[in-house]
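Undergrad: Residue strings, one per chain:
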Amino acid sequence: MKVLTLNFLTCAVKDCKSSNNSFPLHPKDAELVYDDLEINPQLLVNVLPRVDWVALRTTSTELGFPELPEQPPTVEELESDEKMLQDLHKLLMETQIMEGKLVCGNCGHEYAIREGIANFLLPSHLV
Amino acid sequence: MSRPEDTLAADVHYDDVEARKYTTSSRIKNIQASMTQRALELLDLSSPSLILDVGCGSGLSGEILSDLSPEEGGPHVWVGMDVSGSMLDVALQRDVEGDLFLADMGQGVPFRAGTFDAAISISAIQWLCNAESSDTSPAGRLSRFFNGLYASLKRGGRAVCQFYPKNDAQKKMITSAAVKAGFGAGLLEDDPETKNVKVYLVLTVGGGATSGKGSDITGVVEGMEGVDVLDNRRKGKSAGRGEIKKGSKIWIIKKKEQMERKGKIVKATSKFTGRKRRVQF
Ligand SMILES: C[S@@+](CC[C@H](N)C(=O)[O-])C[C@H]1O[C@@H](n2cnc3c(N)ncnc32)[C@H](O)[C@@H]1O
Ligand SMILES: [Zn+2]
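If you read the protein sequences in the order shown, they are chains P and V. Just so you know, we're using UniProt numbering here: the first sequence kicks off at 1 and counts up by one. Just so you know, we're using UniProt numbering here: the second sequence kicks off at 1 and counts up by one.
Bear in mind the hints are in silico, worked out from the structure with no lab data behind them. There's no promise every hint is true.
As the list claims (entries may be wrong) - In silico lysine-lysine, PhoX-like type, Cα no more than 25 Å apart, as pairs:
hint, chain 1, residue 1, chain 2, residue 2
1, V, 180, P, 14
2, P, 17, P, 28
3, V, 198, P, 14
4, P, 17, V, 180
5, P, 83, P, 17
6, V, 180, V, 195
7, V, 29, V, 154
8, P, 17, V, 154
9, V, 29, V, 195
10, V, 154, V, 195
11, V, 166, V, 180
12, V, 29, V, 198
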């Protein structure tokens, strides 16, 4: 699972929908891989305004990466800074969680990730 | 045609054997590819977008999103949900680029509000009409799905769901569940009244006060033939439902487009990405 995707993912448990603690989910025992992907600058520029930067900083720290700047780059900065594009591409698209768990900060539910696939099936009383 | 939807749960029907059979059939590949192309046409995305593929299966629909060239507005990045572990296994083996989730759309869409530019679903949402277990109802599953889908799309976003309704009642049940969730909805039928009929539910999320032509469903499907417009604002009224006569100019153009799409598929599906590398620290 791409770090980008994790930045959009919330706990699926019904009672967590209204809680601020159910996002972002927290990686646990995460095994990472880098997947060599062609850079897609337009896609990055398109999604940047939707990325929750505070959550991304949290995730990045939790995965053991150096701290991200406090403020996200602006779209203009991103468009004109090749290095920044490369860095964001590497973090958001190429860095992927292959094994481990995602834990909800509100209800504690753990979503298992195996071979990159997260299991979001819930027992029906939680839906 | 037999309808496994009517008797089995999806994850039971799509087991290892069926998942492999499904994905290796060139007939199925072609049909799924042409329906995905049609859905893309209806989404009308002009630049690389973040797309949800609901019921993504082994990735036959999703990989077309990844393979779209810049001239065609791509490539897109997609996230797929499917309830069958066997189908997802095949997707893994085929090394698709989308992120995969083992998830039941009838339980909702676990992404924060406004995540996706667009969503597609090819040959999947009719499965919502069967209760998977005794403690859930089709109505409940449909409403959780469409409410979740609606919220997960950005304002002005669109979703196109090709599906196989069992009958008119099911068509209506699905469409009205979408409208109830807030979508503007239109039903488009290709090859109506034939055994190859394909039904597309075209959904739009209102873009607020500025929702002009293009973001509104009546703009999307306006003037298209074989389209029923159903939405909250124009309750009861529907656009004229012109049928496409075999041999007419429109029919020929559509056929040509279909052939073109088929010609494309052949080369689009043979793309290999390298194996993943482990991170080293
Ligand atoms: C005919 S296949 C289509 C797969 C893919 N979209 C394609 O075009 O090849 C239908 C898929 O819907 C999935 N499905 C059925 N019910 C589902 C549910 N409740 N949630 C998620 N996926 C579901 C099935 O597991 C199956 O993979
Ligand atoms: Zn939770």
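Undergrad: Flag every earlier hint the structure violates by its number, smallest first.
TA: 3, 5, 6, 7, 10
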